[in-house]
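Participant: Residue strings, one per chain:
Protein chains: 4
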Amino acid sequence: MEDIIIKYYEEPKLNKPVLVEGLPGVGNVGKLAAEHLVSKLKAKKFASIFSKHFPPQVLIGEDGVIRLVSNDLYYYKSKKGQDLIILSGDYQGTSQEGQYDLSYEVLDILEKYGGNMIYTLGGWSVGKIIAEPRVLGAASSLEFVEKLKAAGVEFSKDEPAGGIVGAAGLLLGLGQIRDMEAACLMGETSGYFSDPRSAQTILAVLGKMLDIKIDFKELEEHAKEIDDLTSKLNEIKPPMEPSGDELKYIG
Amino acid sequence: MEDIIIKYYEEPKLNKPVLVEGLPGVGNVGKLAAEHLVSKLKAKKFASIFSKHFPPQVLIGEDGVIRLVSNDLYYYKSKKGQDLIILSGDYQGTSQEGQYDLSYEVLDILEKYGGNMIYTLGGWSVGKIIAEPRVLGAASSLEFVEKLKAAGVEFSKDEPAGGIVGAAGLLLGLGQIRDMEAACLMGETSGYFSDPRSAQTILAVLGKMLDIKIDFKELEEHAKEIDDLTSKLNEIKPPMEPSGDELKYIG
Amino acid sequence: MEDIIIKYYEEPKLNKPVLVEGLPGVGNVGKLAAEHLVSKLKAKKFASIFSKHFPPQVLIGEDGVIRLVSNDLYYYKSKKGQDLIILSGDYQGTSQEGQYDLSYEVLDILEKYGGNMIYTLGGWSVGKIIAEPRVLGAASSLEFVEKLKAAGVEFSKDEPAGGIVGAAGLLLGLGQIRDMEAACLMGETSGYFSDPRSAQTILAVLGKMLDIKIDFKELEEHAKEIDDLTSKLNEIKPPMEPSGDELKYIG
Amino acid sequence: MEDIIIKYYEEPKLNKPVLVEGLPGVGNVGKLAAEHLVSKLKAKKFASIFSKHFPPQVLIGEDGVIRLVSNDLYYYKSKKGQDLIILSGDYQGTSQEGQYDLSYEVLDILEKYGGNMIYTLGGWSVGKIIAEPRVLGAASSLEFVEKLKAAGVEFSKDEPAGGIVGAAGLLLGLGQIRDMEAACLMGETSGYFSDPRSAQTILAVLGKMLDIKIDFKELEEHAKEIDDLTSKLNEIKPPMEPSGDELKYIG
Numbered sequence: 001m002e003d004i005i006i007k008y009y010e011e012p013k014l015n016k017p018v019l020v021e022g023l024p025g026v027g028n029v030g031k032l033a034a035e036h037l038v039s040k041l042k043a044k045k046f047a048s049i050f051s052k053h054f055p056p057q058v059l060i061g062e063d064g065v066i067r068l069v070s071n072d073l074y075y076y077k078s079k080k081g082q083d084l085i086i087l088s089g090d091y092q093g094t095s096q097e098g099q100y101d102l103s104y105e106v107l108d109i110l111e112k113y114g115g116n117m118i119y120t121l122g123g124w125s126v127g128k129i130i131a132e133p134r135v136l137g138a139a140s141s142l143e144f145v146e147k148l149k150a151a152g153v154e155f156s157k158d159e160p161a162g163g164i165v166g167a168a169g170l171l172l173g174l175g176q177i178r179d180m181e182a183a184c185l186m187g188e189t190s191g192y193f194s195d196p197r198s199a200q201t202i203l204a205v206l207g208k209m210l211d212i213k214i215d216f217k218e219l220e221e222h223a224k225e226i227d228d229l230t231s232k233l234n235e236i237k238p239p240m241e242p243s244g245d246e247l248k249y250i251g
Numbered sequence: 001m002e003d004i005i006i007k008y009y010e011e012p013k014l015n016k017p018v019l020v021e022g023l024p025g026v027g028n029v030g031k032l033a034a035e036h037l038v039s040k041l042k043a044k045k046f047a048s049i050f051s052k053h054f055p056p057q058v059l060i061g062e063d064g065v066i067r068l069v070s071n072d073l074y075y076y077k078s079k080k081g082q083d084l085i086i087l088s089g090d091y092q093g094t095s096q097e098g099q100y101d102l103s104y105e106v107l108d109i110l111e112k113y114g115g116n117m118i119y120t121l122g123g124w125s126v127g128k129i130i131a132e133p134r135v136l137g138a139a140s141s142l143e144f145v146e147k148l149k150a151a152g153v154e155f156s157k158d159e160p161a162g163g164i165v166g167a168a169g170l171l172l173g174l175g176q177i178r179d180m181e182a183a184c185l186m187g188e189t190s191g192y193f194s195d196p197r198s199a200q201t202i203l204a205v206l207g208k209m210l211d212i213k214i215d216f217k218e219l220e221e222h223a224k225e226i227d228d229l230t231s232k233l234n235e236i237k238p239p240m241e242p243s244g245d246e247l248k249y250i251g
Numbered sequence: 001m002e003d004i005i006i007k008y009y010e011e012p013k014l015n016k017p018v019l020v021e022g023l024p025g026v027g028n029v030g031k032l033a034a035e036h037l038v039s040k041l042k043a044k045k046f047a048s049i050f051s052k053h054f055p056p057q058v059l060i061g062e063d064g065v066i067r068l069v070s071n072d073l074y075y076y077k078s079k080k081g082q083d084l085i086i087l088s089g090d091y092q093g094t095s096q097e098g099q100y101d102l103s104y105e106v107l108d109i110l111e112k113y114g115g116n117m118i119y120t121l122g123g124w125s126v127g128k129i130i131a132e133p134r135v136l137g138a139a140s141s142l143e144f145v146e147k148l149k150a151a152g153v154e155f156s157k158d159e160p161a162g163g164i165v166g167a168a169g170l171l172l173g174l175g176q177i178r179d180m181e182a183a184c185l186m187g188e189t190s191g192y193f194s195d196p197r198s199a200q201t202i203l204a205v206l207g208k209m210l211d212i213k214i215d216f217k218e219l220e221e222h223a224k225e226i227d228d229l230t231s232k233l234n235e236i237k238p239p240m241e242p243s244g245d246e247l248k249y250i251g
Numbered sequence: 001m002e003d004i005i006i007k008y009y010e011e012p013k014l015n016k017p018v019l020v021e022g023l024p025g026v027g028n029v030g031k032l033a034a035e036h037l038v039s040k041l042k043a044k045k046f047a048s049i050f051s052k053h054f055p056p057q058v059l060i061g062e063d064g065v066i067r068l069v070s071n072d073l074y075y076y077k078s079k080k081g082q083d084l085i086i087l088s089g090d091y092q093g094t095s096q097e098g099q100y101d102l103s104y105e106v107l108d109i110l111e112k113y114g115g116n117m118i119y120t121l122g123g124w125s126v127g128k129i130i131a132e133p134r135v136l137g138a139a140s141s142l143e144f145v146e147k148l149k150a151a152g153v154e155f156s157k158d159e160p161a162g163g164i165v166g167a168a169g170l171l172l173g174l175g176q177i178r179d180m181e182a183a184c185l186m187g188e189t190s191g192y193f194s195d196p197r198s199a200q201t202i203l204a205v206l207g208k209m210l211d212i213k214i215d216f217k218e219l220e221e222h223a224k225e226i227d228d229l230t231s232k233l234n235e236i237k238p239p240m241e242p243s244g245d246e247l248k249y250i251g
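Chains as they are written, first to last, in the numbering used here: chain V, 1 to 251; chain Y, 1 to 251; chain C, 1 to 251; chain E, 1 to 251.
Treat the hints as calculated values from the structure; they're not laboratory data.
Predicted, not measured: the structure shown is a model, and the values here were computed from it.
Some hints here could point you the wrong way.
One copy or two, either will do: identical chains are not told apart, so a pair holds if it fits within one copy or between any two.
Stated by the list, open to error - Dumping the calculated BS3-like pairs for lysine-lysine here, alpha-carbon to alpha-carbon at most 30 Å:
no.: 1; residue 1: K157; residue 2: K217
no.: 2; residue 1: K147; residue 2: K7
no.: 3; residue 1: K77; residue 2: K217
no.: 4; residue 1: K112; residue 2: K7
no.: 5; residue 1: K44; residue 2: K157
no.: 6; residue 1: K157; residue 2: K40
no.: 7; residue 1: K157; residue 2: K45
no.: 8; residue 1: K44; residue 2: K217
Can you make the complete structure from the sequences, with help from the hints?
Facilitator: This is the structure we're talking about:
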């Protein structure tokens, strides 16, 4: 078996598509954001990625029908300009080698469709609940950094200290050595639970950068539910006081 | 050395064979069922699978003769309809990548013999002893789900929660993306010991689906022995009271 | 880099050589025996095996000169009959896949030189000090088992329970599926230290099987030193009383 | 994706270049030395090595621009004799197989540029702070050992006991089997922190061997800072008294 199998459901014609990646990671921020984008833009699934680098597992739907765990590619045809390819899925690669392999393969697909720009979405764990999460950035060139700053993205010398690991980092790094433009948008998150507010914050920046309108109603409702739950928990016991030097991981 | 070596003892002519898989896993249910089927149908071993994905180990027979650990393929020529290929063996692949490789290779063999239907057999750990284990199912298509329901297989929204892992899951998932029909039959089991009653229960459903008569005498006797042992243990100490949220794994 | 690199120092002409393997393992029995054989027969090193499957390490000689860790092949040209290829070295493969790869490669070399018979040497841990260790056996065919019995090798239904793992097992198992004749000679050993007495015992059987005279003086002296040390330790504290069901591993 | 990707920024013409390796390891001695050499010789980066054998990580510069973790090759054109290729970087290979792969690839590059001599630089942990660290050596041939002795390198029967592991060892071992001349210079270091004094000591020997003048001002200043810090710590609590048999590792 090949290490990676791509199954195409459709071969769309796309205009210089921009890749937007959101896979499971800290606070599930990237995945929440990517899936919200797919849903709101009615983006269409055109390919699935199956791989030895994912767990040997099938998931079972409510109807009893199984599907092999995968990453999935969706396209969105824009009326105004560049189209999108959105990458989401069940898992990141489970090994270091697998992470490289999968990211490289995704860039091959992007290149095949004529794209050369990438946004990766992730969470940045700050170890405490944040009312108004910032969006931190990193990019493949100084020009790109400047454009992101203009859109409200913050760049901080010390954050994130260990760089960016996983797919959100590799797509940038491997993209850069393939002469693509790439940026990572990292939403601050406590990292304690799935964080729709952080996802909304990075989508707001992404929408500005890509000139796309995104409806945030579901994310806002979801965030409010979590707020309610959190404040109920706080009535019972005092909020956690993290020491500020926890291990940080960006997915 | 190739990752997988197939050694054929015979190349049978088979009529659209159905693959039945039962490898070691929870409660050893799948392996017990597959071996009972081989024994009762007098199925004939026609190939062995050796692989780097198995432990580096030989087993020693009572006569002092060794054999390398393997998975083995048996065929059964049916008088009425589709023939069977039965897969059993000493181990599942020991790595994630190995599990994918081995399952994919088995599907290659099935395809070579003209087959495109798969039943995988496994146990589903419920963490307590069950007098009348149910058979839970999952399948590659809604039509197949309906047929299984008609044969008494139960489908439950919440069970098994984490999907199906290992060979029993991968043969379904990889089969599905190769346009094969595939189902998993999971017998409820405590998971505390090798469970012949659970094996019998799934074989009863399989026999119905495949229109094959299976003699269950040995399994019944074996189950009774375990019942006797269990009730003796219960006289000494009260039965375990599991909390209901144990880790569940399906092999 | 290839996974395995073979460096030949010489390409000897050999008459149906018999492979004798002794690599590090339980009680270091196999390695001690193989190295003693090399020394007493003045066998000549003709090839070294370097591999990614060994640790990334060089060893430093007393003169400050390094050498990369390796397995090494020696030949002995017999005046009477079959020649020998002796395999010893610093390590076994560190991964399961590596163990398979390395053993398969060694069989390729044996085949290249026209050989088809293998003896692997190892220790069998019994968890206590044994005054007169037995030699246990396992072989690729019933005929070979019978020949070994005639030479004093014991075969026991329950020993060793888990079969044989590592190179000593794989060379047998992979040899068998390549239609070679293969046997493992396992010397009983406490497993607590390097055991020259156990090594001597298996070499005595091997010498009989191969019709080779082996001088045991150094092994006997070495064994006596260990006896002296052990009895001194015993004066201080009573001998260990193992429970008899320790983990057993054969290298 | 290939396991290793080499990106060339320039293809210099070099005269029998000598490879000098200094990657992260014990006391960071090798990396400190190699980076100091690059800086003082104004050596020019001509290639980067990216690989699945490195962590899936990008680092973020102070300006917000990312770069994929890598090993890097620098050249220095000497007016007097042999040119240099200096290897440094963020990580050593994270797996045993990766370490072999990367070292072998570096030797391919050295060979391509006509080089056949290697110096690897590392630290040797002695578990206590040393005022005047010695330089210990190991080499691929007795002649090379003698030359190093003449330059003040010490060779000790018992040090380092476990040989040399990692890139510093493999470049020697793999170089030796490719008929290259190779030596490792190991600076004694406590192993407790990044050790510029040890780095300076091995560079002094290397400078003598290669007939290159190296300015040590920054390393001396850096060492003095650490001395000050250490003596302040010692005022608070007594110096550690290591037992002398700590685990030793050379990077």
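Participant: Cα distance capped at 30 Å. Does K44 pair with K217 within a copy, between copies, both, or neither?
Facilitator: within (21 Å within a copy, 54 Å between copies)
Participant: From the Cα coordinates, with 30 Å as the cut-off, is the pair K44 and K157 best called within, between, both, or neither?
Facilitator: between (38 Å within a copy, 27 Å between copies)
Participant: Between the shortest in-copy and the shortest cross-copy C-alpha distance, which are at most 30 Å for K157 and K40: within, between, both, or neither?
Facilitator: Only across copies: K157 and K40 sit 27 Å apart there, 34 Å inside one copy, limit 30 Å.
Participant: Please sort K157 with K45 into within, between, both or neither, judging by C-alpha distance up to 30 Å.
Facilitator: between (38 Å within a copy, 25 Å between copies)
Participant: At most 30 Å between alpha carbons: which applies to K147 and K7, within, between, both or neither?
Facilitator: Between copies only: 28 Å across, 36 Å inside.
Participant: Between the shortest in-copy and the shortest cross-copy C-alpha distance, which are at most 30 Å for K112 and K7: within, between, both, or neither?
Facilitator: both (15 Å within a copy, 22 Å between copies)
Participant: Is the C-alpha distance from K157 to K217 at most 30 Å within one copy, between copies, in both cases, or in neither?
Facilitator: between (34 Å within a copy, 28 Å between copies)
Participant: Give the relationship of K77 and K217 under a CA distance limit of 30 Å: within one copy only, between copies only, both, or neither.
Facilitator: within (23 Å within a copy, 60 Å between copies)
Every hint from the earlier list agrees with this structure, and none is contradicted.
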